[in-house]
Amino acid sequence: MRVVLQRVIQLVLVLLLVTLFTSFLIDAVPGDVTYTLAPVATPQQREDLRHELHLDRSPFERYGEWVGGLAHGDLGCYYGTSGYSTASSCPDKVADRVKDALPISLMLMFYAQLLALVIAIPMGVLTAYRAGSMFDKSVNTTAFALLAIPNFVLALVLAYYVGTQLGWVDPTGYIDFGQDPVGHFQQLALPVISLAVGQIAVYMRLLRSDMIATLQEDFVTMARAKGLSPARILWRHALRPSSLTLLTVAGLNVGALIGGAVVIENIFVIHGMGFLIADAIARRQYVALQSYVAILALGYVLVNFFVDILYAILDPRIRHARAIA
Amino acid sequence: MPEQSLSSATAVDDGDIAAGTQPLVLDIPPVEGEVSVEKSATKKLGIVGWLAMFWMGLVIFCAVFAPILPIPAPDKHFILNTNEGPSPSHPMGTDGTGQDMLSRVIWGARASLVVSVAAVLFGLIFGGVLGLIAGYYRGKLDTVLVNIFNVFLAIPQLVLALALVAVFASDPAVSVGKREFWLIISIGLVSIPIIGRITRASTLTWAQREFVLAARSMGAKNGRIMRRDVLPNVLPAMFSIALLGIPS
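Quick mapping for you: the protein sequence lines, in order, are chains A and B.
Okay, so the first sequence: first residue is 1146 according to the numbering used here, each after it adds one.
Okay, so the second sequence: first residue is 2 according to the numbering used here, each after it adds one.
Only chain A is shown next, with the shape it has when bound in the complex:
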């Protein structure tokens, strides 16, 4: 119970720090939302609008306002020409956009990670077991070739050949799972493959190098001496302590993908979180951006917390360790 409470306090602190940083950083970027809302306005009109949107207040005051709203569960409101609206009369709520975008990003993240891990883990284990063999070399070469392809290039190639030339799937748009399950997977197949391919190579390489080190450990020799089958040694004894780096990197990727994949989302016209964040930055939508960053931070903290728990489950040596004072 105490641990949970500590984690929650840490979470709140991280959230506040990240959003505070972001609000000051974005404040330092020249230009503001009045230029996109009212491109042709007299300086006086612009001043009035800034006053209405509370942009003439200090970043501290605006940040305080945003935190106050967040404490009431209000993610804020997009700036509009009708002025800064309170939660009750907001025409364009940030929460509405998040409700649409976040599930899309989460799904994209989940499928991409699942695909990458399902392929990379067996490959990593087998190449480590057969290190130096023809199989290992060919898989490695393929992995490097895949690594060398930037995901946006792969996305464009897939969208053009599979989407437009072959006409198997529509290269743009998104279909909800509840609406049409088959269409849902068809629509997401290309973006998921584009995201996963590079990560397959990274995951496989990481697992392979950690696994090679683990296979030289005494406990593996011991297991072999007991006469256990190679499959059992690889999967039951060696895989768990070898997967820490892989797990860390996968956790980082999950965190990053909660915030969306800006380029991939733009290529396949999927309106996920990446699309919203890039849009909010470009249009200087401070309030919206802060809320998105808060969601992103929440994702990172939760995922990393989960990864920390998994470390202890995977490797008993971490579980039994104590802090060096």
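If you are wondering where the hints come from, they were derived from the structure by calculation, not from laboratory data.
Hints should not be assumed to be uniformly reliable.
What the hints assert, rightly or not - If you want a taste of the chain A side facing chain B, the calculated C-beta under 8 Å gives, among others: (1) Ile-1171; (2) Val-1394; (3) Leu-1441.
Said to hold, decoys possible - Covered by chain A, per the in silico footprint, the following chain B stretches (three or more residues, Cβ under 8 Å): (4) 141 to 148; (5) 204 to 217.
To be verified - Partial chain A-side listing against chain B, Cβ under 7 Å, derived: (6) Leu-1162; (7) Val-1163; (8) Leu-1170; (9) Tyr-1445.
This structure is a prediction, so every number in the text was calculated from the model and none was measured.
From the three backbone atoms N, C-alpha and C, an ideal C-beta is built for every residue, glycine too.
Place chain B on chain A using the hints.
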């Protein structure tokens, strides 16, 4: 040992990284097959490996010697031949404003190489040290560092880069070099928490090993244990992810 894994990690095959992770050098003959296979794998790069090495060498050579190579300046406009295909005078053709594409690619590679190598180094040094400290000492220090990592991970890279460049290099009078410097800093800042977390993860296990305990019982100080016993074992994981970061 670390130097060895460093040089081989840059090459295509990192077979002897595994050999570098063997922490205790005991005089036990290696298990038949395993280590000898490792060695032969590092010696032979293979055709693909040599091609890759050659290509990297060519790119680095061109990037380093760009100013003295016989190519036109990247911002020189050949207004009579815009949008041309490859030709003897312009091997990669020209773009819409008549600039030589080969020259632009080479000068672009020059900028990318400097920025990526410097940023990754920056991230490796700071992220590595912080991750090592967090994973070794654990406890309160670890909690603080991990949460700082989380803060930096969650700030969108785009916002960070925009703000740093806007604040420190928005003046048009600011030199390209200075702008490059802030770009390096902002990319480096982003890579610190990533490398930090990875280093911390491997340090967590390596710091619990018998040889660390042995070193401590012999009276080695924490700093020495981290440097001499833990770091060499953590390096492969750090490099495997940091070197993958350079291309992007």
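What hint numbers does the structure not satisfy? No numbers; nothing is violated.
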